[in-house]
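*Asks:* Spelled out from the first residue to the last, the chains are:
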Amino acid sequence: MNTYHKDLVSQPLPLIGLIGEESQKSLLKNSSFENHKFLSFQNLSKLPKKKNNTKQFSESYQPDGILKTNWVQKQLHQIPSVFIKFFVADDLFNQENFVVSHISTLFRALKERNIKIIFLIIVPFESTIANEQFENQILTIKQKTQFDSRQGSFVFWHESKPKESREAVLINLKEMINRHLKEKIRKVKKNRDFYMKKTQASIFVRLYFKCGFYSEMQGEYKASLKYYLRSYKFLSNISIRHTSQTELRSVCEVINLRILFQYLKLNQYSKAVDQFQEHVSFGKRIELAGQDYKFLSLIWFSQQYKVFANYLELVPTEKLSPIKNCYENIGFYYNSAANYAIERKSIVQTLKAKHKKKLSKLNVKMFHPSSIYERVYDFSNCNYIGQPNWILTLDDPLQVVNKQTEDDDYFRELYSETQFDHSTENLHLLRKAYRNYSEQNPHSERLITTIATKIAKEYFEEGEFKFATKFIEHISGKFRQDKWNNVLSTVLLYSLECGLQLKNWRDFIKCLLELLVPKMNTQEETKAILQSKLISIINGSEKEIQKLKPHEIINMDPHFPISSLISCKVHFTQPHASLNENIYLKLSFESNFPKPITFKKLYLDFNISSYNRIIIFSEDEKNKEVENNEKTEEVNTEKGSIQENENLIEKDNVSNLIFNPNKKSCFKFQFQASHIGKLKIRAIKLLLGDEDGGIYFIWNPFEFNSNLTLNNLNDENFNYENYKKNRDFPNRSTIEILRPLKNFNLRIESQQPAFVGELFQINLILETNSDHLMNSELVFEKTKKMKLFSLDQYNSSKGVKESNETNETNETNETNESNEIIDNKLLNEIEPISNLQIMEIKPQIEKKIIIFVKSEHEGIFDLNIKFKYLHKLLYKGIFNEKYSINFTHPFEQNFNFYSLSKEILNKGSLYLLNKQNFILSSELIMYTQSQLILKEINLVLNDGFGEIVGKSFEKIKSDVNIPVENKKVNGNGNFNDSGEDENVNLKPNEIYQTCFYLKPNSFFQSNEKNNMQKKTIKNKRNKRKSKKQTNYEQEVNIGNIIIQYQRKNVNKNENFKHFLITKKILIPKVKFVKKVLTVDINFPSQGRVGEQLVSEYLIHNHSDNFQKVMVHVSHSEEFLFSGFVDTTFQILPRSTRKIYYNLIPIISGHLSLPSVKIFDTHSGSELTETKKNFNIFVFPTQKK
Amino acid sequence: MKIVSIAILGKKNNPLYVYVSNEENKRKFEYIIHTSLDFFEEKVPLISPLSKKSTQNQNDMYLGHLFPTEDYKVYGYLTNTNYKLVCIIDDSEIKEQEMKTLLNNLHTILVDTICNPFYITDEPITSKTFHLKILDLIGKK
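From first to last, the protein sequence lines are chains A and B.
Positions 1 to 1184 (UniProt numbering) are the ones given, in order, by the first sequence.
Positions 1 to 141 (UniProt numbering) are the ones given, in order, by the second sequence.
Treat the hints with care, since some could be wrong.
[Stated by the list, open to error] So the derived label-pair ranges between C-beta atoms look like this:
| no. | chain 1 | residue 1 | chain 2 | residue 2 | range |
| --- | --- | --- | --- | --- | --- |
| 1 | A | T424 | B | S92 | 55 to 65 Å |
| 2 | A | N607 | B | G64 | 51 to 61 Å |
| 3 | A | K354 | B | N104 | 43 to 53 Å |
| 4 | A | K466 | B | R27 | 16 to 26 Å |
| 5 | A | M196 | B | E23 | 24 to 34 Å |
| 6 | A | C666 | B | G139 | 44 to 54 Å |
By construction, these hints were calculated from the structure, which means they are not laboratory data.
We put the CB at the ideal spot given by N, CA and C, even for glycine.
Just need the whole structure built from these sequences, with the hints factored in.
*Replies:* The structure is reproduced here in structure tokens:
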């Protein structure tokens, strides 16, 4: 806004002229009169001379210009709307004649100009004149001066009442000003009738502008807007023939400013935007032709956008929201202003170069270029706004340089333009645009980037390389992300120059390399120059540029744009290899450098550092050196390098590390596998330069590079996790080095689970790759829980036995089976094996060796085999193999005694049921997946316990609905006793129940004494441990269930018959408790009141000792009784003692007998515990 | 209406083809075309099938006037396969239907070119036939 004169950008205020003494004027000046400007006058001579009215009619058909330069100034600073003349109250009476003449003179002088006047009569504090006197006196004066009340008024200023006086003055002032301005508008409007709208549009522009200006002074914005818009409309009707383009443009600028000002006052921002668009369109219509004059247009456009943006910035942001179109952002206007300004700068620079000679000769004192916009509105004597004779000298602003030729004007203008600080202006506008867009449209990243690019360019042109670099770093990422290489290459060229100027070689090199990338649309010539420069920097031959120290590392990650400069592919020739075998690694590079490029070193890094190689290439091909490790580089350079070189590099493929553009260079390297496991290529490095300095190009897919954030992490689509996963060389960058193929190989085959007690078959399979017959020895490590047997050993020992038996027995049936079924008894006689000699293993043929493992324990046991193989008595190798065997039980068993009542079982008095049968039941539950053939289930009772009366075997539950089958079992427990070859097939996941019916015999009767004696001794020992266990308790083993079963051959082709397994299941022990004392009670079931009843208690002593018993009878209110109440007595061994109680019932009904408690004093237990309450029914007395 | 530039941008916003009537100002137009991507992204959610607002213009790929610059107007068109067509005209009045037809025709030309089996997807279009068709379309042949 500073570019315009303040009169153009502020609201015009009416001017008020003050005539009188200074002390009197100060009365008004000190009082706060807002929206009024005061100007002191001594007399009216200061007023500008009045034009002759007749001139208007004689005015030429077309005026010389549109708006006069001094018109606005006159209205605001020279011609007051109202004059105020001060009088002292006493003068009205004392100097009446003087006052009258003075008023008359003033009145006449101002009436011609239509200026109003207010006579302000100051009434001092000490004045004693009454108001009525004043009024009379003023009436007299008015009559004498022929006073016109429309032209002026009298106002009193009472010093005693300043507030009231001020109000009175204000009201009068407002009235007079309005009257004055309205008259002026009326007068201007009258003039419209003299002119033609179509042909004399410029006059209408002026007239309406004046009307608008007067209305604005009144504060009537709507009216003023209406007049200004009309004025602007007439302006667009003016043909360019009649007036110059510069004048039109200047006038429309002034009117547009007033219109925008009115819109903003009225809060009509959308309309302001529309007006501005129209204004810009109008400006484009009247654009100057010719490239040389274009900068004038650009100045104008830039200025218009800038001013409007400034206007909008004054508006509160919340009020801008109603503007809902593309133009809603202030940044847009600043950006547009900047675009024009940038174009202007470039054109001016071109013109400057073009007219260099003429401009240098031009030695004119110009006004300061920064005030270039003031030309629109100045107060010189030039007549019209925008006409070309307004260039002023610095020394005397009012002295107009005489108009010379048009050329002189142009060059003066151009000269001033060249002196202008374009960069500061451009940066100011761009920064404003950047800030506004960043704040209001943060999502318009690319738009902001474009502005940032322009800022960077401005900084660059200004020589502010640091700032330029900062912006370039920011913006290049966005262009890179969108793959806008054309724009990026331009930006990078700036960055390159910045790096050069700032001596930031690292940035310089990176930019340079990126510019060489084939996709970058840099010209081929430029690329060639850049590469030469790169090489000279690395070699240190560039004078100004210091050599790169230390090395610069360039990551050739595929996500980096530089990666396409050289592509690297690497793979092993085979997927896996054996130890000590030769491995071949193939490398291929494809260079996209514009010119051939030579590398000095190639580094191959593996996950195992011992494989790492450095290949050094000197210019002389013969001096190629290859080293195994970086540390030993110096040592190996001289010795043995040629030998290794021959092995490592195929001469045909590799000449040196010169990469030609767009051609592939292939290398093949040989290694020897020296470890077992995976060999992976970790990184490949190429060195451009030497040890002192240069560039490393690194392909390292296994290390995440933090620099990546610059380019890709801002991308929303970039998946970091995928990126990390996929960071690998392509297929076959890894080779697996395996053990060397053994001459001997041993493996174990066993498909089924091993059962406890079973002779479990394991097949050991031996194979050899040797061409010769080989012998081997297997040594088994001895374990306590597992025994090993060999089939050969068994067969040999069995063969001996059979030969003995065949002479004696004729049982041929058994011998047939004995080939397959191993006799357990025989097995016990054979020593378990600890080693096995195997002779003659034929090459390329598997040899199967069968061994058996047996364990009586459940669990996982390791079978360690030391395997020695030899050829011609020489050991070729020894190695250990370890296998785990899991021994499990095939059954679960539950036992229940069914026929024994709970009470008896609890008491354990099994002997009391001497003559009774009871059932011993067992449940067998299969859980193995193997199918079994149940050969026999047998119960073996301990001696003297009893005999088996009957057995049954049935399937009680099944997952599949199979009808329950019952099998009768013979007395021996064999299923095939009936002569039929009928075995029971046990299927997986089925439950079978076996029941045995037992009849205990005189176990206790015959063996009681012996057993009891033995048990009592044992029990005495255990007494301390268990208090509950008495002398009369004992545990008895009933016997065992013996099950014989065999695996079933599931596969019909399987010739091998599985061995019979005998499993012995212990029946849980049964506890027996013998009672020493027992009580029997006899009493009648009914009675009658008053009649005697007898209850009898029999106490038996079953033992051979004296037993002491204590009797206690509690008191009863229902019976009268006689007998022992509280006594202790002894009972003889094997005898019975009777106790009688005579009872006489007193009450009838259901009565409980008096409780008799009998205790065993030895154990303290109550013998009558289960016989406490007995009830009898007592009848009432019988009627006689 | 004077067409000053036509551009085809790929799925990943990369330029596939840029025609500029005045080669001197090519860089300036490239900046404008690149900036237009912001407005594509701004308008795409509105025409996305998932958007609730896009009930009427789901099948309409013509995005209309994207944004103005001080001298030009930028129009956009987004194909179903996410190719972006940009047309820059001078600051004169234009009928929307005209521009829509022009961009539809441009789309047809683009489809024909992309269907060429020798064309590599997302690579700049260098076909001379395509260029001639574009010149024909804008009446410069």
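*Asks:* Tell me, which hint numbers fail for this structure?
*Replies:* 1 and 5
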